[in-house]
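Asks: Here the protein sequences come in this chain order: A and B.
Every letter in the first sequence is one number past the one before it in our numbering, and letter 396, counting from 1, is 396.
Every letter in the second sequence is one number past the one before it in our numbering, and letter 530, counting from 1, is 530.
Mixed in with the good hints there might be a few duds.
Under the rule of at most 30 Å between Cα atoms (straight-line distance), these lysine-lysine pairs were calculated in the DSSO-like manner [to be verified]: (1) A/K564 with A/K276; (2) A/K366 with B/K476; (3) A/K187 with B/K582; (4) B/K254 with A/K366; (5) B/K254 with B/K44; (6) A/K93 with A/K204; (7) A/K93 with B/K476; (8) A/K274 with A/K204; (9) A/K90 with B/K254; (10) A/K303 with B/K686; (11) A/K276 with A/K516; (12) B/K476 with A/K459; (13) B/K686 with B/K476; (14) B/K607 with B/K582; (15) A/K328 with B/K684; (16) A/K274 with A/K258; (17) A/K172 with B/K582; (18) A/K187 with B/K85; (19) A/K138 with B/K254; (20) A/K328 with B/K85; (21) A/K562 with A/K516; (22) B/K288 with A/K366; (23) B/K254 with A/K303; (24) A/K536 with B/K85; (25) A/K459 with B/K607; (26) A/K516 with B/K686; (27) B/K582 with A/K138.
Derived by calculation from the structure, the hints in this document are not laboratory data.
Quick caveat, the model's predicted, so the values are computed rather than measured.
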Amino acid sequence: MDTHTRNVRNVQVLGIDAGGTMTDTFFVDADGDFVVGKAQSTPQNESIGLLESSEEGLANWNLSLDEALPSLLTGVYSGTAMLNRVVQRKGLKCGLIVNAGMEDFHRMGRAVQSHLGYSYPDRIHLNTHRYDPPLVPKHLTRGVVERTDMQGMSVIPLREDTARAAAADLIKAGVESIVISLLHSYKDPTNERRVRDIVLEAVKESGKAIVVFASADYYPVRKETHRTNTTILEGYAAEPSRQTLMTISDAFKGRGTKFDFRVMATHGGTISWKAKELARTIVSGPIGGVIGAKYLGATLGYKNIACSDIGGTSFDVALITQGELTIKNDPDMARLVLSLPLVAMDSVGAGAGSFVRLDPYTNAIKLGPDSAGYRVGVCWEGGGIETVTVSDCHVVLGYLNPDNFLGGQIKLDRQRAIDAIKTQIADPLHLSVEDAAAGVIELLDSDLRNYLRSMISGKGYGPENFVCFSYGGAGPVHAYGYTEGLGFEDVIVPAWAAGFSAFGCAAADFEYRYDKSLDINLAPDAPAEQRAEAAKVLQNAWAELTKNVLEEFRLNGYDADKVKLQPGYRMQYRGQLNDLEVESPLAVVNEAADWDRLVDAFNDTYARVYAASARSPELGYSVTGAIMRGAVPIPKPKIPKEAEVGRIPPSDASIGTRKFYRKSGWMDAALYKMERLLPGNVVTGPAIIESDATTFVVPDGFETFLDGHRLFHLRQF
Amino acid sequence: MNVDIHANRPVAEDPAQSSDSVIGIVRGGETLKQHRDRLMVATKSTGHYAGLQQLPLRENHPILYNKLFSRLRAGIVNARETAKKIAASPIVEQEGELCFSLYNAAGDCILTSTGIIIHVGTMGAAIKYMIENGWEENPGVAPGDMFCNNDCLIGNVHPCDVHTIVPIFWEGSLIGWVGGVTHVIDTGSVGPGSMSTGQVQRFGDGYSITCRKVGTNDTLSRDWLHESQRMVRTTRYWMLDERTRIAGCHMIRKLVEDVIAEDGIENYWKFAYESVEHGRQGLQARIKAMTVPGKYRQVGFVDVPYNHEDVRVPDYAKVDTIMHAPSEITIRADATWRLDFEGSSRWGWHTYNAHQVSFTSGIWVMMTQSLIPTELINDGAAYGTEFRLPKGTWMNPDDRRVAFSYSWHFLVSAWTALWRGLSRSYVGRGYLEEVNAGNANTSNWLQGGGFNQYDEIHAVNSFETAAVGTGACAMKDGLDHAAAIWNPEGDMGDMEIWELAEPLIYLGRQVKTNSGGYGKYRGGCGFESLRMVWNANDWTMYFMGNGHVTSDWGLMGGYPSASGYRFAAHNTNLKALIAEGKPIPLGGDDDPENPTYDALLPGAVIKRDKQAITTEEMFADYDLYLNYLRGGPGFGDPLDREPRRVAEDLNGRYVLPRFVERMYGVIASQDAEGTWIVDEAATKAKRLEIRKERIAKAQPTREWMKAERGRILRKDAATQVQQMFASSFKLGPRFEAEFRAFWDLPADWTMLEDDLEIPSYGAKHHMDISELPDVHVVQFVEE
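Here chain A stands alone, though its shape is the one from the complex (with noise of 0.2 Å):
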């Protein structure tokens, strides 16, 4: 973060992550520097914690608000709200409309939502796994007669007369909104279009205001109940976020700025609190840190980037490879399966707050999955915890110091921490209280790095090609055991670690993303007409979807010559039920050898993601489905360039040692505040660098580099 003050700033950027608990604010000037605010979250109205996270943050500056924000060119936010309204099951009345006679679907959902998200041994433990209840209640639910098939033919013609019925039912029954979802309609969207017009009409009638939506106009692909699911959250979650932004954006336009907030989605990009998919900004916090990364990588030259973000309850790890973020097309989120385009984000619920417990069956070392969150551990008398937490560990291995956690806001005991771990740990091993603490943390280390690594092997890859990005508040505590020996290209610590998030938010593109599903089936040995009339059948998918996404710009202010568009498309072989997301090498596709590229450009993919003795040519292959994205330029945050002023750190930089065990050793740890360290300055360990919001470990064998754009470069000897 900047300490250095100006008197002039032209702040330009504001990226914004409202949690639950606090909202963080990233303000970025015309020259690259930045500066962080922080404030409590503030549910009721959000604007209200917004304005005071960043007049906290832009006091850093001397700025005031009404200084600061005229000058703004762009925001972005990003928030829990809309998954909070979900999980917290206070959405709007909706009502849903399905096939007559399948009327429980929604309400049974499917099994495996009984268990999403478990442990492993909970997932095998029955008597723990429980549904939520549905999102609508089955006396909301209606049906209308009909049923088109999976070639979409039509099986029972729409009888128009139930679905009169039904909107008419739901309008009597009060709902707020409708949702429309039959099967099959992904394939043939007729009928289902058809009993939208009847219920938009009912609603006319009624005079009612009903917002009613349809499955197959916003995600027309397969599976029923992660494309009702996503759609009912449109209808049931996200219209009341549409208010909250309009709130915020009208907030800050009273002080002064001039733009509308972009609101970070589920596909990595931003897009306008107007959009018609409003539901893909469920994305919850540690979204934004991949963006910033996938940025900071654009920016400095990294195209395969590992990003690791350790915070108090999990460790999040996404890929970008060739520049690209991995997408899921059919992810949970909030125990309900989705069929939104997502950044791919794996998560373990092991973080610097989880618990440490032996098992007492076994007395295997056990870590999480839950955690003591704000309340820290053992060694924080005030938070009440009894049981150990990995940060009961790190005081006390001497990680953390204890008079400084939260910039001092807390103090820890280490002695409450040395007294628990003895007792519950290190007696039951017969194990030193260190090494137990220190084993704890091995072990947590260890568990990181298989996870990066089962991650990136997974891919198709090995870590040499990636290098790796560690955020979070926890992330450079323990940045560099995650990646010891797992010999990444690079291991980079932004200083800006705690708000790497915001920044992200702040680097997003506007971008929007439409999906289709397609079932282009070719046998192996195809012959070029058909390979020919394939590719023709992509392209009308991708004229159809460009029109989709110049559209949502054009309500934006954009003009289509604005918008850059690029096409992808989703393949398997034939008779799979899996597909891999390819980016289109070719822009436009019409001929049998346009068709042969975008072969090779699966077959590359999947022996990479796979093994190559899986690849199956011979069973022919399958476009199952059709994706555009299209972005406009957008005003985003420089990266700082500093000139690089020597390798030793100045002297204030430096504030002390403290004792520092690993490796079955003590050793004293120079200590240095993060704030003061200058570009080209090199710290060799063992160090700890200090600042409020985070702590970077520099063990023995270890040294960092702080290089011009304030990225800390961890390397072992």
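On the provided structure of chain A, position chain B as indicated by the hints.
Replies: Chain B only, in chain A's frame:
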């Protein structure tokens, strides 16, 4: 003192180490057989796996041990998640019917993924069969080899579970094995579908592969590829399933190689044996913590209604019989235990027999859901349990002709009793949260085949069964449409995916009202799918499930779930009814005793009865088939159920209104909106009245027993009940003696199959697989 888990010195330096101076492939120089023999002797003599009375790696380096454990386990789970995406079969990809397990050199499982973990034992049995039958010598075991197995006579559950087994070598020596299994959609059996019913002998079960070497140098042999493809109906699924298994096995082999490179072979080697002993100790610790020592007795039954026109089998198999599985769990004060199935009935001419390994290994699937839900699932639990399965029973057949294709029909019905036994113990210790009244019968199985909507030869095997209702707990209801005993990570899948895989249109999918057992806490309800044949040619389907018998029971006053039935309709005239806009069957068969579908289909041929098992029956487009997935059993007296919960059941359509007063003593009525409201005062009075009626109806046990004894003396029982006891008496002399003593029967009272007027092929003449030349079976249980 600790017994070494590998030969101390290389054989070359110490010829005395090996009796016949053969240099084996196992690390340290032993042959596979020598290695396993030594471990088994050490296990037997010490009571600790491999003689490991201490666990040096775990005790001296707990952090390293834990690191190895979590890295290997996470890697195996990850391999399953990645590999399953290669498959085309929704059974594998959507239902997760696959599993990968890692074994030590002796074929004992170290760690496993989630999924169908019954195969922890079955793949281990296949490895042990190779070890005991000289595979090392011929056909040889070398790096890059691949073996395929689905042989039920050496331990597999049923032929559709196909194993791929890959040896793992380090520096030229064998250090372990990895196995992968998928449930394939067709095995080329008599009828299409993976668990067909028409055959009565193993030869009709389809393609049977005995630990065959199918590839070398990580490449499948062409003769294997050509042969295996033509042995099954669904070639593409078969092929991609095999690639799924191979990819997963190779990922895990790589994982092991990486781990060894990092942490050293010596540490890995120790881990590979210590973890099994650790698993054994873990089970013992859980038994100690959760149960009360003593004997727990329970029993399971299920019907085989083969004397019916829609069951097309040979005459000698065309009999109605009942599976009988009494069980006795003995928990000793030192927390060791024994499971004895004395009194079980004989194997039969149907496809529901089970091998001793699938029976015992499968029990762990059930135990891991309640007794040991831990990450440490391996063969340690098997070594920590004594089993006794009398030879000749359905769970340990003594004839090499027996068929296995749907052994689960009997397995799930026998195991549901074990939940009750353990749950009584949990109640005794106050672990109410762990109580489960038992697993549902995991049926119906919708199966069949013909030409599908793509005009290809096809077989279908709906796995909606993976989401039946679960048993009630002692503090909450069972979960509706949620899981199956063979895979707790249940899922019914999306209709749009099943419609891709099957030429069957959904006309309904809804909660099956009244299917969960009544109770203070009710069993979870199942669900039902109404399917219409669409775009199929030369199509057949059949039913498979319990009908006349409720295979699960309630617990402590709770009721069993509803039993099964079938509904199918032919010549429906639906095409015209649809065109004319007339009412048609849509949604569920709400109340089968007061059906609504039937009247909408004038002139149709309707099959609606308790015949819930049939063989291939012809179906044409517009015919209907109801797939009814069962509910789970209840816990506690229904009269103790909170009336407001009954109202919720009514409003959620989990119970039929006509049963509410009789079963729950609840008086409720609907308001103007149709919402059910309980009349509290009337309910209180009604419940009092029912309790009085119960007392009035009650009689002293002695009197009841006197009457029952009379019935036994008169043999006043259906033929199938008599046959069941006759076969149990013959195979279980102790069971018969106890039965005679309990009922005080005279010596001249006998119950013999010969006295019954039904065929009893197999009762006297049988020939075991062990009688074949050069076959060494591996014995896993006491007989």
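Asks: Go through the numbered hints given earlier and state which of them the structure violates, listing their numbers in rising order.
Replies: Hints 5, 9, 10, 12, 15, 19, 25 and 26 contradicted; others consistent.
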